[in-house]
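Let the sequences and hints guide you as you build the complete structure.
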Amino acid sequence: VSQALPGALPRPRRQIWALGGGKGGIGKSLLTAAMGFELARMGKRVILVDADLGGANLHTCLGLAAPERTLGDFIRRRAERIEDVVVETGVPLLRLISGASDFLGAANIKYPQKVRVLNRIRALDVDIVLLDLGAGTSYNIIDFFLVSELGLLTVVPEPTSIENAYRFIKSALYRRLRHVASNEEVRQTVESALDAKNSLGIRTPMDLLAAVHKSHPDAAELFRAEIAAFRPRFVVNQVRDEGDQGIGHQLVAACARHLGVRSTYAGFVHYDEAVWRSVRQRRLFMIEAPRSLAAQDVARMARGLLQGETLELRW
Amino acid sequence: VSEKSGDHYDALGLSRQATREQVEVAYQFFAALYAESALATYSLLEPDERREARERVRLAYEVLRDSEQRRQYDAGLGAAHAGPVLEAPRQTGPRPVFKMAASKPAPAPAPAQRPLPSPPRPEASARARILPEPVTGPSLRKAREERGVSLQEIAAATKIGVRFLDYIESDRYAALPALVYVRGFVQQYARFLGLDPQRTSESYLLRFPRG
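Here the protein sequences line up with chains U and E, keeping their order.
Quick note on this note's numbering: the first sequence kicks off at 1 and runs consecutively.
Quick note on this note's numbering: the second sequence kicks off at 1001 and runs consecutively.
Just so you know, the hints here were simulated from the structure itself, not pulled from any lab data.
Keep in mind it's a predicted model, so treat the numbers as computed, not measured.
One should not assume that every hint holds.
Stated by the list, open to error - Covered stretches of chain U, going by a simulated chain E footprint (3 or more residues, C-beta under 8 Å):
{"no.": "1", "segment": "31-37"}
{"no.": "2", "segment": "147-159"}
{"no.": "3", "segment": "245-251"}
What the hints assert, rightly or not - Quick partial rundown of chain E residues pointing at chain U, CB under 8 Å, derived from the structure:
{"no.": "4", "residue": "THR1041"}
{"no.": "5", "residue": "LEU1045"}
{"no.": "6", "residue": "LEU1059"}
Positions of the beta carbon are idealized from the N, C-alpha and C atoms, including for glycine.
Listed below in structure tokens is the structure:
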């Protein structure tokens, strides 16, 4: 029986952290596994959820065979409780809900099913749920991102990855705004903003805000609050030099200036041969090469995220 | 349209108290952000937007790196903010490195908003800070001449060529550069004369051809 000591901090609420990024092959699953490992090592009870339905491979990152029970079983109601599809990983405090061998196309999950999944995930008795989101900007992926307390956006220093990250940000934000819009006309405006070549000339959330403000100032006010509350955090993976590390700061500046979105820079992870070697052996580099640059980067980032710290430029 | 107005300090994300070194580092950062090959803006901005952003940053750097130019520029800013001000009060303390643009898309100033009282400067407060609508080149020239200011003085303080200032006063839109620059020019011009920079430039640009 734990008795609260005088002055002891209350137990922090359960949190959902989501790792998205829009593009495939940039190391999201590996980072999710590594972050989960590190958080568990720090004493947090963690469940990893492979929400990359159709392309799930989180179990492989952890060196596990494809689990028999998966998230798909819960979605299809072959498993009654979500706890029934949670499997052990072999790492203390770290467990997994796999998406392996689920051939659910992302589009196949209906909204009520998604709400059921999210509610059950939220009710899990753990400290942190880490969601590994699939590639792309489909509503399923974005909705998982939007319900999280902490939305991480992984990029690698490549044009395609960064382009997808911006697309992800806009899609997620517009989805959110569309959801809170109470007026049909405003909703229409948001939907047209989703078309990059829309006739209203809306290219950024700031443009959208200006367009909505003209006819519905109250809705614009609401949007402003939503945009201010939307705080994606960038993770730059596979950095090779200091220039690559700086990309996170550039993304934050570019988002603020040109999208009106207040993002932060959660951290970077070095490109590291040790990671590659571990992946080949289906072992987690956090275990195989705990002193590698990449492992240290992940540890620093996990600590920072727990303590609410971000990388900032000072001059 | 997501171009920014704002002053040279905004362009480099600096506070008014920024040191010479900070100006240097900030310039390096923003020059890299808007460089031709920069990953972070490559897919976000159109090539001409990127060029404009780069130009704005360069212009700011040219002025702020040079202590004499910066002193004159600051003096111009100071004069503009001495009179009753319709804009939000400026932060004077150290600011965050990146100005968050989320609060930026300002709706038209609310009519109910009253000018903030502030200590009057005799020569500035005697004159209207808002010119009658619409603001045109000739009305700007008239305001300037009433204040006994020459184009050369404005050019020296703002680093805007006399030629461009003359084009502005003559409404020679075709001879002027892109709208973003002209906005900056008119704002600086207005500021120097103690006119409200935002209102003045907005009104002037209503007649400026878009696209």
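Hints and how they fare:
1. A count of 0 residues in the segment 31-37 of chain U with a Cβ less than 8 Å from any Cβ of chain E is obtained; the coverage claim is therefore unmet, three being the minimum.
2. Counting residues of the segment 147-159 of chain U whose beta carbon lies closer than 8 Å to any beta carbon of chain E gives 3, which meets the minimum of three for the stated coverage.
3. For a cut-off of 8 Å, the count of residues in the segment 245-251 of chain U with a CB near a CB of chain E stands at 5, and the three-residue condition holds.
4. Because the closest C-beta pair between E/THR1041 and chain U is about 5 Å apart, less than 8 Å, the hint holds.
5. For E/LEU1045, the shortest C-beta to C-beta distance to chain U is roughly 6 Å, which falls under 8 Å, so the interface hint holds.
6. The restraint placing E/LEU1059 at the interface with chain U is violated, with a minimum CB-CB distance near 16 Å, outside the 8 Å limit.
Hint compliance for this structure: hints 1 and 6 are broken, all remaining hints hold.
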